[in-house]
Amino acid sequence: MATKNRKKTKTDTIVQRTINVYLPTFEMKEKWKEIAENSNQSISKFVIEHVTNSLDQEKDSPSVGTRIQLIKDKKQLQNENVELLKQNKLLENLCERQEKEIRTHTVQPFLQEDFTGVRDYSENLVRLFKICKEVRKEDIYDRLKINPMDKDATTAVQKQ
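Numbering follows full-length UniProt numbering, in which position 70 of the sequence shown is assigned residue number 70; successive positions increment by one, without gaps.
Hints in this document: simulated from the structure, not taken from any laboratory. Hints may contain errors.
Stated by the list, open to error - Simulated restraints on C-beta separations:
1) Lys130 x Val82: 43 to 51 angstroms
2) Ile43 x Leu90: 54 to 62 angstroms
3) Glu80 x Lys151: 42 to 50 angstroms
4) Glu58 x Thr106: 55 to 63 angstroms
5) Glu80 x Met28: 32 to 40 angstroms
6) Leu91 x Arg136: 16 to 24 angstroms
Every residue gets a Cβ at the ideal spot worked out from N, C-alpha and C, and that includes glycine.
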């Protein structure tokens with residue numbers, strides 16, 4: 001009768017609290033065991049601590065999620081990054097072509113000797129001369145982002 005009213009101890013409930021964990025490899029088991037020993041813990045306490053920490057992280061930050069979900073998210077972000085890089089490159093090329101076309105239209109009136117009409121002077125060039133009374137040719141090209149090897153652009157700047 002006395003055993004019925006007796007409070008159960010940890011030893012009494014050990015079978016009820018036991019779970020078996022089968023690791024994928026024997027090497028993993030040995031590695032976990034070694035890490036546990038190095039931190040002066042039993043393998044049970046080691047596993048409990050790490051599983052509890054992992055569950056707490058997931059609870060505190062739902063975005064942490066499972067490893068599989070993180071791998072999927074990473075792959076999705078990598079694919080998205082590749083697409084954005086392609087789009088960025090395409091837009092850079094388009095922008096470069098547009099700038100070249102604008103430069104061509106801006107330069108044309110200064111290259112034609114028989115041009116009639118109004119020539120639009122480069123606002124950047126006018127602003128540059130307002131700030132600096134004397135500017136070297138190389139500095140003008142540099143500040144206006146003109147390639148010194150572009151004959152038409154350099155001729156147009158000189159005529160302005």
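The hints, checked one at a time:
no. : hint                               : verdict
1   : Lys130 x Val82: 43 to 51 angstroms : 46 angstroms, holds
2   : Ile43 x Leu90: 54 to 62 angstroms  : 55 angstroms, holds
3   : Glu80 x Lys151: 42 to 50 angstroms : 43 angstroms, holds
4   : Glu58 x Thr106: 55 to 63 angstroms : 60 angstroms, holds
5   : Glu80 x Met28: 32 to 40 angstroms  : 33 angstroms, holds
6   : Leu91 x Arg136: 16 to 24 angstroms : 34 angstroms, violated
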